[in-house]
Structure formats: structure tokens, C-alpha cells
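K.L.:
Sequence lines, in order, name chains A and B. Per the numbering used here, the very first residue in the first sequence carries number 1; after that it's consecutive. Per the numbering used here, the very first residue in the second sequence carries number 1; after that it's consecutive.
Same chains, same names: a pair is fine if it fits in one copy or spans any two.
Dumping the calculated EDC-like pairs for lysine to aspartate or glutamate here, alpha-carbon to alpha-carbon at most 20 angstroms:
hint	residue 1	residue 2
1	Lys-128	Asp-79
2	Lys-174	Asp-160
3	Lys-127	Asp-197
4	Lys-174	Asp-50
5	Lys-128	Glu-87
6	Lys-165	Asp-54
7	Lys-127	Asp-79
8	Lys-196	Glu-27
9	Lys-174	Glu-42
10	Lys-128	Asp-17
Just so you know, these hints were derived from the structure itself, not from any lab.
Read off the chains here:
Protein chains: 2
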Amino acid sequence: MSTTPATIPGYTYGQADTARSPLTLEELRQLEQAVLWTPEDEQYLRQAGDVLADQIEAILDLWYGFVAAHPHLLRYFTDAQGQPIAEYLAAVRRRFGQWILDTCRRPRDQDWLNYQYEIGLRHHRTKKNQTDHVTNSATPVVPLRYLVAFIAPITITLRDFLARKGHSPAEVDKMYHAWFKAVTLQVALWCQPYVKDGDY
Amino acid sequence: MSTTPATIPGYTYGQADTARSPLTLEELRQLEQAVLWTPEDEQYLRQAGDVLADQIEAILDLWYGFVAAHPHLLRYFTDAQGQPIAEYLAAVRRRFGQWILDTCRRPRDQDWLNYQYEIGLRHHRTKKNQTDHVTNSATPVVPLRYLVAFIAPITITLRDFLARKGHSPAEVDKMYHAWFKAVTLQVALWCQPYVKDGDY
Ligand code: HEM
Ligand code: HEM
Chain A
1 MSTTPATIPG YTYGQADTAR SPLTLEELRQ LEQAVLWTPE DEQYLRQAGD VLADQIEAIL
61 DLWYGFVAAH PHLLRYFTDA QGQPIAEYLA AVRRRFGQWI LDTCRRPRDQ DWLNYQYEIG
121 LRHHRTKKNQ TDHVTNSATP VVPLRYLVAF IAPITITLRD FLARKGHSPA EVDKMYHAWF
181 KAVTLQVALW CQPYVKDGDY
Chain B
1 MSTTPATIPG YTYGQADTAR SPLTLEELRQ LEQAVLWTPE DEQYLRQAGD VLADQIEAIL
61 DLWYGFVAAH PHLLRYFTDA QGQPIAEYLA AVRRRFGQWI LDTCRRPRDQ DWLNYQYEIG
121 LRHHRTKKNQ TDHVTNSATP VVPLRYLVAF IAPITITLRD FLARKGHSPA EVDKMYHAWF
181 KAVTLQVALW CQPYVKDGDY
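Bound-form chain A, shown alone (with noise of 0.2 angstroms):
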């Protein structure tokens, strides 16, 4: 990553115009729970950071490769002529590549349970296409269960990015874990504004 957060047009993490988390951080505590996060796996998820820092393009070329290979996945960056929109793509690929930073890195406060709520509210269609001025999508939505079912290729695709720096597979192994833990609990926040009120 070349580029510093607070230049990458729409990531507004922090910032006030976020939207606020209807979530409490003890209802945040709780979930951590539920996908059984421990403090070890916040110290292997930074370990994770700086072995994955200098690799977020070749993260992102391969996970936007899988995108690209399935017309059913690439769709909802198409426009409504099913032509992919390119400025789209590389727009949401900056703040993606942020993204897995900030997974491995940030603390897991307000700001970050807000930004979690923003990127669920960015899938959906309460706010998909808008922050990067898409006039012409063919989708107005992410549909929530491919928001899932990404958990498997967002998880299982790091593994090979994390052995490249030397590690043993034991801390590989414990780097992985977190990993996969974080994105699940990242993925059941974003969930939110999909649901039915009183089910979430």
C-alpha cells in the first residue's frame, strides 16, 4: 500500500459522517465470543498484519481474479449494459486493500464497530453504488448470501500470503485461525442491515 487512509476517496473510517453502529461494544464483546477470539489471536492477527503489509496487491489480484472468473460475482460491478465499471473496481480496490489492514490492526473500538456498520450499509442497498457516485449499476445490492458464503474464499486464500514470510506452520497455523476469526466476526456485523427488525 503506497497510499496513506486518509487519501483514499470514501474511506471515511473515523470520521463523523460514518454511520454509528446500532451495535453496543458489549454486544460486540459477546459476538467476539461467539467466534471464540482469545488475546492470543489479537497478537497473531498483528503478526498477520506485517507479513501480509507488503502483499496487499497480489492479495487483491487474486481475490479480484475470483470475482472476475464468475459473471454471477462480477455482476455487482457491472453496469446495467453488464460491462464491468472500471473506475468502480479500482475505487473499491483501494479501500479494500486498506481494509485488510485495518483487520489486522485496528482496535476493536467504537470507531472500528461504526466502520462495520458503514461497510454492511456499503453492501446493502441502503448505501451500495453511492460512495463512489455509481450512477449506472446493474445492482443495487450485495445479496447477503454471497456476503456469507465469502468467508470461505476470504479466509482460505490467505493461508499460502501468511507462509511466505518464514514462519513455522505452527504460527502460520495460529495466524490463519485469526484471521478466519476476525473476518466471521466482521461478516456477522455487516449482516445487519439486511435483517428484519428483531432478528439480528
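Following the hints, complete the assembly by docking chain B with the ligands onto the known chain A.
P.N.:
Structure of chain B with the ligands alone, referenced to chain A:
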């Protein structure tokens, strides 16, 4: 598992009174692609079934112990006075045991898809508490955020059991990842009743 499916109360897999999934098999196949499903996973999931078959009670002990250790999770099995409902826990436990084997062994056809929808309804307020005739439940619904979060513990805790039958680390890893994908796929399906119209 000493009982055959037909004798498990409330287990309606493949029966006419089971709900019919609103999703098509074509949509299921697309969701499988999203979790990186491959034919190799099929094979390793079956192998996992063989490895787990005589460990079901030990797995359930672990999972129930995890839920029981957290009041904010146990709640969903308690009555309005806050007491765990023993009959409810026991009845669900038998179907949960069967589910482990079904996950590994059942072909993912229309009956399978329908029962996924049924399990979603049973966690959701549409059908929670009905199958076991629980009339004094503290909770009308298992919140969606916990449903998604549980992908982590239901996956991670299985690995030790997969490693107990002398398979190589590489084989255990393949069984483990097939299981991870299968759980993620199912939870993505179970979410449907929770989601607002058009957002699923
Ligand atoms: C584990 C699941 C997923 C992760 C971790 C993830 C990650 C991200 C991140 C970090 C962003 C940028 C957030 C920001 O604006 O700061 C984003 C935006 C986006 N993602 Fe995802 N995503 C996931 C699932 C999906 C799926 C399944 C699709 C559809 C194939 C998708 C399509 C999009 C689109 C279209 C945007 C831009 C939304 C907008 O208009 O603002 N994402 N995603
Ligand atoms: C990966 C996530 C989960 C899996 C794999 C899972 C698995 C299952 C299975 C297999 C059943 C029985 C289905 C049947 O009737 O045939 C069941 C029922 C049930 N589960 Fe879960 N579950 C998950 C998440 C949760 C969570 C987070 C809770 C709450 C702490 C929960 C509470 C319950 C309850 C209360 C029932 C009985 C529902 C009824 O009244 O019929 N489950 N679950």
C-alpha cells in the same frame, strides 16, 4: 449415533412436511462456487464422515459445553424464568448429531436444499420452538449475528476430531477445509428467513 434418522423426533429430512427452499439448485451451485467448492471437497467430506461417525457424542459434548458456558448463548435454550430446558436441549442434540453425518454424507440435491431451508426456519422466529413443542421459551429467535458467528467455532473445534484417526496432516487439512466450506455454505442458506425481501 445409535439411532437411525427415522427414529429421531422432529427430524423431517426428505419428508413432505419439510419446507421447500425458495432457492433453485442452479442458485445453490453458484453459491457452492462462492465457497470455493470442488469435487475433491466432496471426497474429503465423505472421509470426514467416516472419521467423525463414532465421535459424534464427544463433539456434541464439546459444542454443548461451549454454549452452556456462555449465558448469552445458553439463553436460546432457556425458559422464560431463565432455566435451561433439558428436554429441548436433548431433542435438538439428537438432530444436531444427525446433522454432522448429513453434512458429510448427503448429496446436495433438492431434499438437501429443502432441509437447509427448514433448519433456517427453525433458528428463525418462523419456526423456533415449534418442532419440540417448547411453550415457555425465553427467546423467539436465534439472532442472525450469532448464526453467522458460529461458523468459526463449529469449524475450528472439529479439527482435533478429524485428526484422531491417524490421517496425515495433509489429509486432515483437506477434510477440515471441506468441512469449513460445507458449514459456511449451509449457514449462508439458513440466513434466508431472516433477510428483507430482495436482499438475500
Ligand atoms: C467476506 C466477504 C467480503 C469481504 C471481506 C468484502 C470486503 C469489502 C471491502 C473491504 C469493501 C470496501 C469497504 C469500504 O468502502 O471501505 C467492499 C466493497 C464492496 N464489495 Fe465486498 N466484501 C465481501 C463480500 C462481497 C461479495 C460477495 C461481493 C459480491 C460479489 C462484494 C462486492 C462488493 C462491492 C460491489 C463493493 C462496493 C460497495 C459500494 O458500492 O460501496 N463483496 N467489500
Ligand atoms: C454454524 C452455526 C450453527 C449450526 C451448524 C447449528 C446447528 C443446528 C442444528 C443441526 C440444529 C437442529 C436442526 C434440526 O431441527 O434438524 C439446530 C437447532 C438449534 N440451534 Fe443451532 N446451529 C448453529 C447456530 C446456532 C446458534 C448461534 C444458536 C444459539 C446460541 C443455536 C441454537 C439452536 C436452537 C435453539 C435450536 C433449536 C431450534 C428449534 O426450536 O427447532 N444454533 N442447530
